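Model the placement of chains B and C on the given structure of chain A, informed by the hints.
Residue numbers (the numbering used here), protein chains in the order written: chain A, 110 to 309; chain B, 110 to 309; chain C, 110 to 309.
The set of hints was computed from the structure by calculation and includes no laboratory data.
Predicted model only: the values in this text are computed from it and were never measured.
Check before you lean on any hint, since a few could be wrong.
Derived DEER-like restraints, expressed as beta-carbon distance ranges [unchecked claim]:
| id | chain 1 | residue 1 | chain 2 | residue 2 | range |
| --- | --- | --- | --- | --- | --- |
| 1 | B | Gly243 | C | His297 | 31 to 41 Å |
| 2 | C | Pro219 | B | Met110 | 22 to 32 Å |
| 3 | B | Val245 | C | Val281 | 40 to 50 Å |
All C-beta atoms, glycine included, are put in the ideal place defined by N, C-alpha and C.
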Amino acid sequence: MVDLLGVFAFALSGGLAGVRRHFDIFGILVLAVVTALGGGMMRDVLLGITPPRGISDLPLIATALAGGLVTFWFSGTLDRARRTILVADALGLGAFAVTGAMTAIQTGHPGIEAIAVGTLTAVGGGVLRDVLSGTVPSVFTRDLYALPALLGAVLTDVAARLHLLDPVVQWVLVLLVFGLRLAALKLHWQAPTPRRLERD
Amino acid sequence: MVDLLGVFAFALSGGLAGVRRHFDIFGILVLAVVTALGGGMMRDVLLGITPPRGISDLPLIATALAGGLVTFWFSGTLDRARRTILVADALGLGAFAVTGAMTAIQTGHPGIEAIAVGTLTAVGGGVLRDVLSGTVPSVFTRDLYALPALLGAVLTDVAARLHLLDPVVQWVLVLLVFGLRLAALKLHWQAPTPRRLERD
Amino acid sequence: MVDLLGVFAFALSGGLAGVRRHFDIFGILVLAVVTALGGGMMRDVLLGITPPRGISDLPLIATALAGGLVTFWFSGTLDRARRTILVADALGLGAFAVTGAMTAIQTGHPGIEAIAVGTLTAVGGGVLRDVLSGTVPSVFTRDLYALPALLGAVLTDVAARLHLLDPVVQWVLVLLVFGLRLAALKLHWQAPTPRRLERD
Chain A
110 MVDLLGVFAF
120 ALSGGLAGVR
130 RHFDIFGILV
140 LAVVTALGGG
150 MMRDVLLGIT
160 PPRGISDLPL
170 IATALAGGLV
180 TFWFSGTLDR
190 ARRTILVADA
200 LGLGAFAVTG
210 AMTAIQTGHP
220 GIEAIAVGTL
230 TAVGGGVLRD
240 VLSGTVPSVF
250 TRDLYALPAL
260 LGAVLTDVAA
270 RLHLLDPVVQ
280 WVLVLLVFGL
290 RLAALKLHWQ
300 APTPRRLERD
Chain B
110 MVDLLGVFAF
120 ALSGGLAGVR
130 RHFDIFGILV
140 LAVVTALGGG
150 MMRDVLLGIT
160 PPRGISDLPL
170 IATALAGGLV
180 TFWFSGTLDR
190 ARRTILVADA
200 LGLGAFAVTG
210 AMTAIQTGHP
220 GIEAIAVGTL
230 TAVGGGVLRD
240 VLSGTVPSVF
250 TRDLYALPAL
260 LGAVLTDVAA
270 RLHLLDPVVQ
280 WVLVLLVFGL
290 RLAALKLHWQ
300 APTPRRLERD
Chain C
110 MVDLLGVFAF
120 ALSGGLAGVR
130 RHFDIFGILV
140 LAVVTALGGG
150 MMRDVLLGIT
160 PPRGISDLPL
170 IATALAGGLV
180 TFWFSGTLDR
190 ARRTILVADA
200 LGLGAFAVTG
210 AMTAIQTGHP
220 GIEAIAVGTL
230 TAVGGGVLRD
240 VLSGTVPSVF
250 TRDLYALPAL
260 LGAVLTDVAA
270 RLHLLDPVVQ
280 WVLVLLVFGL
290 RLAALKLHWQ
300 APTPRRLERD
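Extracted from the complex, chain A is given alone in its bound form (with noise of 0.2 Å):
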């Protein structure tokens, strides 16, 4: 479920990002669904899940079909996309951050492992977004976007360590994840930047 759930936000994601770039429906689909299954299949071909349930997966490659669709029938009344993009985007942020620590430490990858490919596989779909679409990637620019995702990670390996990591507890380190990550949009928390070069 939780892993539905951040196919389907990323593919609203993905397709909202073709829609205002006016692709056509096809190209829009293709956005979505590499936005929505690009993170997971990084994820399953780092841990050697071959082939990635990103194209074996019937239920999860019709999710995200289904959210690239949407957002085609329904951009005429999505009047603020961008806005709209950001929100379904810290949705699949939280969901893959704990999915994807989870599934590495279903497969005997607890650790730094779960950590790394947790905080990747919530990063990865929306960089390929960004990259596919012509923009700098999110997690780039100025508010909070990686940090969100790998407490994330780290908060699902120590539930599961301390044999906690029940549905419930998923469910409310997917929206700890999502809160921060609005939270971090809405009031504008910045990281420090570089002092300024002088010359270059």
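Frame of chain A, contents of chains B and C only:
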């Protein structure tokens, strides 16, 4: 044979993209090789075939390099690079949709996996070429691109189920995808685009 | 050791690219880590080594983070970031061409595979850095880049066949690639470019 054709065609499209940007001979060869072998390497990694043929199959690598060299030597006579790129790309699209799906089927992954892998193999190399040379990927532009590849992968899977996938049928499918893509370009077949967003 | 050097050098080049773009501390760290570990992760995935060292080897990950932090803290004094990026990148190029080829040889893939993997490992991290920070990848720019890496990988394969690949020889090969790349930059060694297209 179909495989080598796809590699050569994508190498031409990649090499020409480098020629247009005035890369030097090595930049052109790198772009040709990445475009020609990138889609197949994604395919092999997703199917768990390691190392992928793109780093181990000498005739394949030599074909990719040959395609790149051709674009370098004949660049003066290829006076409409943009159109030639599109034609070579369409040929590679057809060849890789069919061979990508076939590789999945032959390694025990028919159905949805063959269709997903075939489409991804066909589309992947061109996406790498476009991202690396700084243009919006063809797969997102107005005229049909992913759809012919998807259709070719579906028909390859169907033909394999019906035990009809002999070399003649393979070529017919390659030419069908090629023809559909060229027709889409020539006749500007366009898929529906979303309604304009009012604000944003 | 050579491996850690490559990781640190590429982390510097990635971190500095982030500093130049005024990313915040987390964006800088992400770009440093991706640049430092990306090439090696591609190498491991292509060779079927999962999970790749880049998500499981703590000293490696710590070295990448340290490189990123250094660029953040000392950005004020690195007043010519662009040149420093190029020098760090050249060092990483040499280290990864040698260790990339060695990893392939040690896992039973000498010859063409070691050469392909070595070159790809050396070039991969920098390509990721450049694509993610929105610049044309160094590998395509005027002065020789891929060729020194290719040469380093070939010589590593030759040295291994002659049972000469001890630590001293490894360092000599790393410095050879580093020196060739720096010389190419300094002396503007240029490879031939294609004739201009008349139209297009």
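Verification of the supplied hints:
Take Gly243(B) and His297(C): their Cβ atoms lie about 23 Å apart, and the range 31 to 41 Å is violated. Hint check: Pro219(C) to Met110(B), Cβ distance near 29 Å, so the stated range 22 to 32 Å holds. Separated by about 44 Å at the C-beta atoms, Val245(B) and Val281(C) satisfy the suggested range of 40 to 50 Å.
In the structure shown, a violation is registered for the earlier hint numbered 1 alone.
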